[in-house]
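Protein sequences, first through last, are from chains A and B. Mapping of the first sequence onto the numbering used here: residues 1201 to 1534, in sequence order. Mapping of the second sequence onto the numbering used here: residues 1201 to 1534, in sequence order.
One or more of the hints may lead you astray.
No distinction is drawn between identical chains; accordingly, a pair holds when it is met within one copy or between any pair of copies.
As the list claims (entries may be wrong) - Straight-line distance between alpha carbons at most 25 angstroms, and here's what the computed BS3-like set of lysine-lysine pairs gives: (1) K1469 to K1227; (2) K1446 to K1265; (3) K1349 to K1447; (4) K1349 to K1446; (5) K1289 to K1446; (6) K1375 to K1245.
If you're looking for bench data, these hints aren't it; they were derived computationally from the structure.
Number of protein chains: 2
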Amino acid sequence: MKKYNVAVVGATGVVGTKMMQVLEEQKIPVENLYPMASARSAGKKVVFDGREWTVEALTESSFDKDIDFALFSAGGSTSLKYSPIAASKGVIVIDNSSAFRMDKDVPLVVPEVNAKAALSNKGIIANPNCSTIQAVVALKPIHDQYGIKRIVYSTYQAVSGSGSQGIRDLEGGIKGEAPAFYPKAIAYNCLPHIDVFTENGYTKEEIKMINETRKIFDDYEIAITATTVRVPVLYGHSESINVETKKPFELSDIFKLMSKAESVILMDKPEENIYPTALTAADTDPVYVGRIRRDFSVENGLNLWVVADNIRKGAATNAVQIAQVLINEGVFGR
Amino acid sequence: MKKYNVAVVGATGVVGTKMMQVLEEQKIPVENLYPMASARSAGKKVVFDGREWTVEALTESSFDKDIDFALFSAGGSTSLKYSPIAASKGVIVIDNSSAFRMDKDVPLVVPEVNAKAALSNKGIIANPNCSTIQAVVALKPIHDQYGIKRIVYSTYQAVSGSGSQGIRDLEGGIKGEAPAFYPKAIAYNCLPHIDVFTENGYTKEEIKMINETRKIFDDYEIAITATTVRVPVLYGHSESINVETKKPFELSDIFKLMSKAESVILMDKPEENIYPTALTAADTDPVYVGRIRRDFSVENGLNLWVVADNIRKGAATNAVQIAQVLINEGVFGR
């Protein structure tokens, strides 16, 4: 069996740590692991595959080694600077930041939706925004079957989406401490504010959901709006998704579609209080769908409640799945 | 100045306690207060207007006294049984339960929207659902000016909406205790489940928002759907409201409407991180509106973020405002 040399950039962060865990769980055959982080974290040890590996400071020469692919999760500016360097040295970068997602030369990939797009990369593949990934996994079979005309997203997003700073603000806030990262208290509160505000009043998170959904589906006709909200939850994003399809559907067929959709677990027996929540999804890989109802307020309307672990399927798991697609296609030749 | 004899039914509950506080704050001239509750709470003392009053057990003869109006907040079954008894004895009941809200002989009143409807009561006036009240206060000027065609509600509702049981489940859950009231943990979690599920998959809370919005606006053509969600917040419901209007609008005119709307505080300067949250609204009476954006996914589309204290404007304050309408109209003649 072939083995691969893998770099994880941002290896000491919440997502980077999970990326290494998922690489192990998914039994990706790793020959050498190169955990990388800022100079501040250099020298730290991480345990992977039963061995200790030393975190190295990310520099322009970090990718001079024989590396097959690099999972980046160290923020947009780090990606902007180092992903092209890595790619120029033949390393395939799977980048979890938003830096390259809307770049027309960079595929934006959710394997359940557009795995093939990963193969047309020019050295960089973008991992979508957490809240977008779980939505498109659930919506994919509906879009294929009925065509999606319009989506109204309202999200309930966990603080781990902001990394360890978000987790600290919630845990500290519960103890009565003032927030250090968020502009307002997140404990016992909901903040309709994720990423920065843009001129038209939307946050970048909202714009990401709109643009990335269209790019992943390769369908720029889908009308989409979004309101993204941070809630006092540690792990697991929930989403209230209102959809209008082009073609009419039977509700029972939507249940059937969801029950066999790839990576989806259907949890929808309200009479038995069966529906997914953030705690259902926490530290698991699937996308959970429940509260499926016809929306009687519009023709071909549908309401869904979609939940996934934002650090796993929303970040680390999806990135490792992209690597698996490349491995399966024999992209790494050595 | 006339003074009034006032009963508060459910006087030891979260809403009942707040009703007495708001009666004081709003300087409703109370001659005698009759706090009533279940036999279990009888004999307890409450302080109102600088005096101690003794809670009496609610019985069929409780309203044989000379009472002008009664504020009920003791659950649907108590209201179903005792409101008609009180009304039959000439007491005007302002009922916070859902028991009579959709009864065609019972006005459903939010004073900023349909104060006049209170005057056509036959002894019982219904106080709407918390999540509906704050929505219609914000939407009223938009509906008047442009006509609302469709609404998609997604809510972020505080545990105090379930009374002290909800508060205990969140506070206990934070300490690691299992929930006693909710079917699943609410600490660090979001439950897309408020009130009971009905056959079509919607919860009663969702159906309340749909039906009550139409009744309060007296417009049964408005198309509405809703997803209602309990979040780990103590006080203050937040709502992501997506609206389509009939007539086109200028966004700047929506800002103007909101800035002068009755009981509304406009908080919308995202560039300065000014937007309302549950903690903004907690223990205050207004309805807060922010995150006003054009929804580009549909003709005449609008997104709003609407927040209010569910125990105050969503319950106690609105009920006391209804009493004030009746007082102002000289309904209580003695």
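25 angstroms Cα cut-off: does K1289 pair with K1446 within a copy, between copies, both or neither? neither (45 angstroms within a copy, 57 angstroms between copies)
With identical chains, the pair K1349 and K1446 could be close in the same copy or across copies; at 25 angstroms between alpha carbons, which is it: within, between, both, or neither? Classified as both; 5 angstroms inside a copy, 20 angstroms across copies.
How would you classify K1349 and K1447 at a CA-CA limit of 25 angstroms: within, between, both, or neither? So K1349 and K1447 pass the 25 angstroms test inside a copy (9 angstroms) and across (22 angstroms) alike.
Intra- versus inter-subunit Cα pairing at 25 angstroms for K1375 with K1245: For K1375 and K1245, the Cα distance exceeds 25 angstroms both inside one copy (31 angstroms) and across copies (33 angstroms).
25 angstroms Cα threshold - placement of K1265 relative to K1446: neither (50 angstroms within a copy, 62 angstroms between copies)
Under a CA distance limit of 25 angstroms, which applies to K1469 and K1227: within one copy, between copies, both, or neither? neither (34 angstroms within a copy, 49 angstroms between copies)
Hints 1, 2, 5 and 6 from the earlier list are contradicted by this structure; the remaining hints agree with it.
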